[in-house]
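Number of protein chains: 2
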Amino acid sequence: MLNLNRELVQCIKDNHLENDLLKGKFGIEKENIRINNNGELVKTPHSKHFGDKLLNPYITTDFSESQVEMITPVCNSIDEAYNYLETIQNVVSVTIDNEFLWPESVPPILPNENEIPLARYNTNEKLVKNNANMYRKYLADKYGRKKQLISGIHLNFSLDDDFINKLYNSSLSQLSYREYKDEMYMKIMRNITRLSWFIIKMFGSSPVIHETYYDSCNLENLKIDKFKNTISIRNGRCGYKNINNFYVPLNSLENYITSIREMIDSGKLIGSKEYYSVIRPKSNKGNLSAIEKHGIDYLELRLLDINPLFKLGVNISDLYLIHLLIILALILEDSEMNESLFYESINNNQVVAEKGRMDNLKINWKGKRVDVKSMSLHIMDTIEEVVNIIDPPIETYKNIIATYRDMVIDNKNLYSSIIYEQIKQKGFIEFHIKKAIDYAKDSLSKRFNFIGYEDMELSTQILILDAIKRGVKVEILDRNDNFIMLSAKDKVEYVKQATKTSKDNYSTVLIMENKLVTKKILESSGLKAPLGEEFTKIDLAQKEYYRYNNKNIVIKPNSTNFGIGITIFKESFTEDEYKTALDLAFQQDDTILIEEFIEGKEYRVLVIDNKVAGVLLRVPANVKGDGTSSIKQLVMEKNKNILRGQNYRKPLEKIKLGIPEKMFLTQQKLDFDSVIEKNRIVYLRENSNISTGGDSIDYTDVISDSLKEIAVKASKAVGASIVGVDLMTKDITGEATDNYSIIELNFNPAIHIHCYPYKGKNRKIGEKILDLLNL
Amino acid sequence: MLNLNRELVQCIKDNHLENDLLKGKFGIEKENIRINNNGELVKTPHSKHFGDKLLNPYITTDFSESQVEMITPVCNSIDEAYNYLETIQNVVSVTIDNEFLWPESVPPILPNENEIPLARYNTNEKLVKNNANMYRKYLADKYGRKKQLISGIHLNFSLDDDFINKLYNSSLSQLSYREYKDEMYMKIMRNITRLSWFIIKMFGSSPVIHETYYDSCNLENLKIDKFKNTISIRNGRCGYKNINNFYVPLNSLENYITSIREMIDSGKLIGSKEYYSVIRPKSNKGNLSAIEKHGIDYLELRLLDINPLFKLGVNISDLYLIHLLIILALILEDSEMNESLFYESINNNQVVAEKGRMDNLKINWKGKRVDVKSMSLHIMDTIEEVVNIIDPPIETYKNIIATYRDMVIDNKNLYSSIIYEQIKQKGFIEFHIKKAIDYAKDSLSKRFNFIGYEDMELSTQILILDAIKRGVKVEILDRNDNFIMLSAKDKVEYVKQATKTSKDNYSTVLIMENKLVTKKILESSGLKAPLGEEFTKIDLAQKEYYRYNNKNIVIKPNSTNFGIGITIFKESFTEDEYKTALDLAFQQDDTILIEEFIEGKEYRVLVIDNKVAGVLLRVPANVKGDGTSSIKQLVMEKNKNILRGQNYRKPLEKIKLGIPEKMFLTQQKLDFDSVIEKNRIVYLRENSNISTGGDSIDYTDVISDSLKEIAVKASKAVGASIVGVDLMTKDITGEATDNYSIIELNFNPAIHIHCYPYKGKNRKIGEKILDLLNL
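As you go down the protein sequences, you meet chains A and E in turn.
Per this note's numbering, numbering through the first sequence is continuous, rising by one, with the last residue being 805.
Per this note's numbering, numbering through the second sequence is continuous, rising by one, with the last residue being 805.
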């Protein structure tokens with residue numbers, strides 16, 4: 031009954047466009063009601079961290095103040111859009127703190143109708159604000175506030191422009207390019223409308239409703255069994271729909287627009303966006319008039335429920351299948367969609383939404399009764415045919431067919447069935463709350479990740495997350511280089527590796543890059559930097575005895591291993607002792623360093639805009655004994671911390687139990703099986719790098735004001751906007767006199783260490799950088 | 031008669047200070063009269079390129095507007111100071127254009143007394159200006175303008191502070207540190223004063239005088255033979271001296287100061303600087319009062335003539351010998367210097383200056399008559415003793431002894447004898463003019479070099495020279511890194527590699543550093559950048575046929591050799607042709623590039639401060655036939671150009687006759703011995719790099735305004751202050767439409783290529799950068 035257009039398929043093959051069929055742009059929009067941990071809608075305001083809701087392109091509200099709307103940017107693949115949605119949801123979830131996202135299309139426990147808060151607008155642009163407020167008032171009066179809370183997922187998609195162009199050029203069409211393109215999209219709309227009952231059947235996931243919603247649907251108290259065949263309340267008569275079913279012709283864009291215009295003119299609709307069809311044409315440039323003027327840029331598929339079985343309300347493979355359905359809709363034989371076929375599809379949707387899990391259910395197909403199951407299998411077969419034509423390089427598209435065929439074969443495999451069974455077992459609210467909390471936990475564990483871009487530096491990921499949170503637009507210019515563009519209103523900033531920004535001038539960076547020059551400038555500003563010299567020839571180093579013999583110095587190989595080859599002279603020393611120390615160092619490396627010896631610990635003081643933004647001490651990988659556990663056990667326990675990961679994907683690294691750790695323990699006469707007495711700290715590494723399992727300890731609230739001033743003075747000396755000052759001191763809380771030394775200035779300091787330390791507070795460095803950039 | 035202080039020598043040895051004896055700070059000041067090519071003093075003003083003469087620390091005027099004074103900064107070695115002097119002299123010589131520096135202490139052809147222009151001051155600070163003008167008026171009236179024109183060389187030197195400190199600490203001196211140090215310098219002054227006749231004998235080099243000077247010395251017309259024993263007119267009675275010989279005690283700093291004060295108070299001197307002694311104490315902080323308050327910082331040795339035999343007026347080995355004399359003066363047995371011994375030394379100086387080349391000349395030494403030659407040999411022996419104590423690592427100090435002993439043994443070897451003989455042969459004016467012109471030519475050939483720092487990048491050297499010219503202070507922070515500090519008044523700028531400055535912000539540089547990001551930004555600004563892609567796997571490249579098959583492309587290995595492996599497709603091409611081209615490219619390299627093919631030549635457009643500062647075309651190494659010469663001969667002829675050098679020491683490289691050149695000629699069926707017909711241009715290289723002998727051709731005055739605008743627009747797109755825009759175009763003079771492409775933006779463009787092109791004007795880029803930096 032479904033036949034592919036063989037001519038079109040041949041044309042695609044002739045032009046080698048099979049792969050281009052899969053290309054396109056994708057975007058996802060999703061609404062979630064905010065709830066408390068009892069499953070009740072909360073009436074708190076939209077978080078101020080999300081900035082102005084009219085300007086934030088990622089996070090805003092929909093009808094209600096309690097209804098967060100998340101919007102991905104336009105993406106080049108489904109994966110990218112899906113990952114972006116997860117990122118946005120993680121940001122929202124972590125920010126709303128003590129509240130949760132209700133993981134379902136139909137509402138949670140609701141208060142009375144008039145207690146449901148409408149979205150509030152506080153923009154300075156009065157007209158915008160009044161329109162936004164008035165529109166919500168209109169909807170509340172017309173449909174009721176409870177109904178308006180029904181939430182869903184919209185998928186936006188467009189075909190690849192190059193693909194349409196090539197197809198157009200090799201067609202014999204008499205149409206203009208724009209007409210040709212519009213017609214392609216209208217064809218997709220017709221076929222998707224015809225197949226929409228299948229989408230509802232497969233992905234519908236709102237089979238049950240809470241009793242506080244009954245009144246908006248004229249329902250009495252019901253037993254759960256009443257819902258045993260329901261698939262999607264949202265897509266049925268109790269869902270959020272136009273009060274009357276309008277016929278809007280899909281045979282041409284012109285007729286479509288005229289028809290909607292007439293309904294607006296006759297007062298049936300306040301605007302085109304009040305027409306709640308399963309799929310909508312869209313323009314990048316505005317509303318109906320823009321479509322009329324410039325044509326269709328993309329389509330919006332509107333009938334996906336929020337599926338509580340998945341954190342994001344939809345499984346990614348569901349989106350793949352829908353993508354294949356869209357391609358199917360494009361390359362199917364076209365057939366006219368008249369008024370009766372239009373209403374046929376609307377009725378089919380309602381039947382499937384409300385009774386879709388009944389065995390032997392029938393719907394109408396071009397006026398004939400057909401079995402839903404047989405028809406569904408036929409659709410799956412045709413999709414498989416499409417997959418074979420495309421021969422997609424992305425394996426996933428092939429692999430999902432079997433899964434969805436299983437759903438078709440047995441209604442028990444449908445999402446709606448699984449949800450229904452779980453609600454029956456656990457209760458409507460309990461089931462959903464458990465899911466909401468689990469998803470929030472998952473978000474928390476990924477709160478430093480820009481999903482899908484975990485290969486980028488954590489510092490950059492954190493900056494991106496903070497940008498998304500406040501609605502600063504992010505564009506990745508070069509992923510490998512961690513190079514991003516940030517924009518808000520008319521302002522554009524280019525940032526590399528989170529801390530390389532336009533706020534630092536080039537010569538400042540070059541100064542910091544050159545240790546010799548840095549030291550000269552620090553010293554000329556009256557700051558203490560340790561003396562130091564590099565030697566590659568032992569005879570030259572030997573001659574310098576008389577320069578060093580009255581100083582505290584450390585002689586060390588350029589690269590060090592377990593302290594071998596290092597000699598520290600704290601008092602005066604003989605020339606023989608000096609020469610022996612040089613021999614030892616040169617045995618380890620061709621290059622040795624003689625440096626002024628400074629006692630103390632090395633703190634990283636992050637200075638942004640001449641203010642101390644964070645102070646951190648890095649401590650070598652270590653465990654604390656409990657009197658019963660072995661070092662191995664203590665390490666494994668410590669590694670469970672969600673901040674610890676591998677390969678720099680998380681703020682801290684797991685402590686390894688490898689050869690360097692074993693050797694370092696051996697030096698202490700310990701091994702991995704040694705049991706450590708209570709409260710004794712054992713170090714597994716000499717170096718304090720985070721990358722080898724070290725701990726980061728926040729000292730921001732502890733450092734003395736005068737040492738803070740030293741760090742700020744160093745920043746000013748080189749004219750830096752963002753700088754990591756490595757400060758050596760014996761007493762971080764003490765007055766700065768001669769008891770410190772500046773080891774190095776880092777022009778590209780990591781920020782994640784200050785945001786997610788092992789011990790201490792999140793110093794919100796991403797936000798401080800955005801503030802610095804005036805974004 | 032000269033005995034070293036054995037105790038002091040022992041103390042130096044005990045403290046391992048032998049090498050430290052040679053350490054210290056050095057500075058040179060030199061005056062030269064400006065002349066025309068007839069040997070006449072010119073009355074033109076001091077060049078405006080030298081900025082405000084009261085602020086330029088390197089180049090100013092002395093008594094007369096026609097008398098350039100060159101001042102090196104404080105240097106850490108004699109070599110450094112000597113090189114600095116050469117650099118300054120080169121800058122001056124090239125800038126004064128059509129004028130020359132008179133290479134002699136006694137003046138050139140002079141006009142009448144009252145036609146000699148006094149130095150003019152145009153500073154805004156009225157008091158400073160009035161004082162400077164009044165002082166010169168006073169001197170003109172008191173000594174006469176002609177006498178004031180007598181020029182010389184002053185050597186400033188100080189001992190190493192660490193050295194003095196260590197010596198003081200191991201001495202049993204009852205003095206304070208400051209007294210101890212002052213006394214060390216006073217001792218040097220006493221001994222140098224006593225030995226100054228020897229310095230005049232050895233280095234005096236003004237044996238003859240021009241007749242236009244006679245009147246200021248009450249001389250009649252003289253035969254040249256009258257000067258046959260003269261060594262230094264300048265240091266004799268005809269030189270520029272105080273009208274009366276004052277006795278100024280040197281036994282203590284206190285007495286010295288008191289004595290000078292008395293002469294000022296009695297009106298004999300207008301200030302301490304009018305006391306023209308052979309050596310003077312100096313303070314870094316000001317005049318006599320500063321010395322009184324803070325002690326002596328350094329000494330100024332004032333009796334060196336300008337030696338016409340050397341470009342800089344002094345041979346560097348002369349300075350080494352003087353340095354040894356200073357050390358000798360320090361470690362000699364001290365002896366009282368009373369009034370009679372003081373006058374004895376003044377008389378000795380006069381005798382030696384006026385009759386120093388007489389055989390068997392005698393002078394007084396502590397009241398006794400001694401033979402000058404024997405005494406000179408004794409001094410040389412004692413100097414050798416000093417050298418043996420120091421055992422200097424700088425070989426030069428050892429090697430010069432023999433040379434100067436030869437001078438002592440035979441008066442014919444004295445500089446003054448050599449000069450006298452040459453003047454006798456060629457004439458006073460002719461001899462000196464020839465020298466002046468030769469030295470000017472030498473300066474011209476080194477006009478892009480910061481002498482002694484030729485290992486630094488030419489661009490940095492040029493910037494430094496331009497800074498010196500206008501009086502911007504230069505400090506080298508890291509020589510290897512070409513990192514310098516420029517300062518003027520209270521402003522400090524750090525510059526690396528000439529074009530990396532504070533005027534560019536870091537993200538601008540990072541954008542340019544990343545070709546991918548640069549292209550994105552150029553394209554979003556509506557500028558044309560060629561499409562391009564890199565492939566490391568042939569199968570991935572093969573799949574892209576349908577992306578490229580309707581474009582002009584070039585397929586090439588990442589690194590190219592003689593064009594092997596490069597295929598250019600200008601019209602449509604088949605998939606087979608495409609795959610063959612990929613194979614060819616992959617045979618040469620693991621990485622290949624597919625790029626949009628742009629026809630034309632690649633121009634470097636240097637944009638500074640959003641204005642086009644220079645446009646350059648680089649042309650591969652080539653020669654132009656003359657119908658008779660072989661390629662080898664043509665290359666050798668072309669390589670004679672002073673702009674061509676080796677290893678990047680000069681703006682252009684010599685064309686090589688190596689294997690690559692040979693192979694490239696073979697491809698053209700030519701070899702090194704081929705004779706080329708007249709006006710035929712033969713290329714010896716495929717690539718147009720300057721580093722392989724390419725030519726640089728200036729197009730700054732030729733490029734069309736609209737292509738200029740394109741370059742400026744590219745600069746603005748990335749927000750650059752200094753950028754090298756590599757612009758590909760078929761028609762540099764044409765309107766910019768689609769006929770160009772921006773290949774790359776360089777954030778560190780070389781500047782020397784625009785200053786010293788093979789053909790075209792010096793675009794003075796160093797000056798433009800200084801202007802950009804507001805220096």
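Source of the hints: derived by calculation from the structure; they are not laboratory data.
A few of these clues could be false.
Because identical chains cannot be distinguished in the list, a pair is counted as satisfied if it fits within a single copy or across any two copies.
Said to hold, decoys possible - Cross-link-like lysine-lysine pairs, in silico, BS3-like; alpha carbons within 30 Å at most: (1) LYS641 with LYS530; (2) LYS545 with LYS471; (3) LYS43 with LYS609; (4) LYS521 with LYS396.
Status of each hint after checking the structure:
no.	hint	verdict
1	LYS641 with LYS530	both (17 Å within a copy, 27 Å between copies)
2	LYS545 with LYS471	neither (44 Å within a copy, 41 Å between copies)
3	LYS43 with LYS609	between (79 Å within a copy, 20 Å between copies)
4	LYS521 with LYS396	neither (54 Å within a copy, 84 Å between copies)
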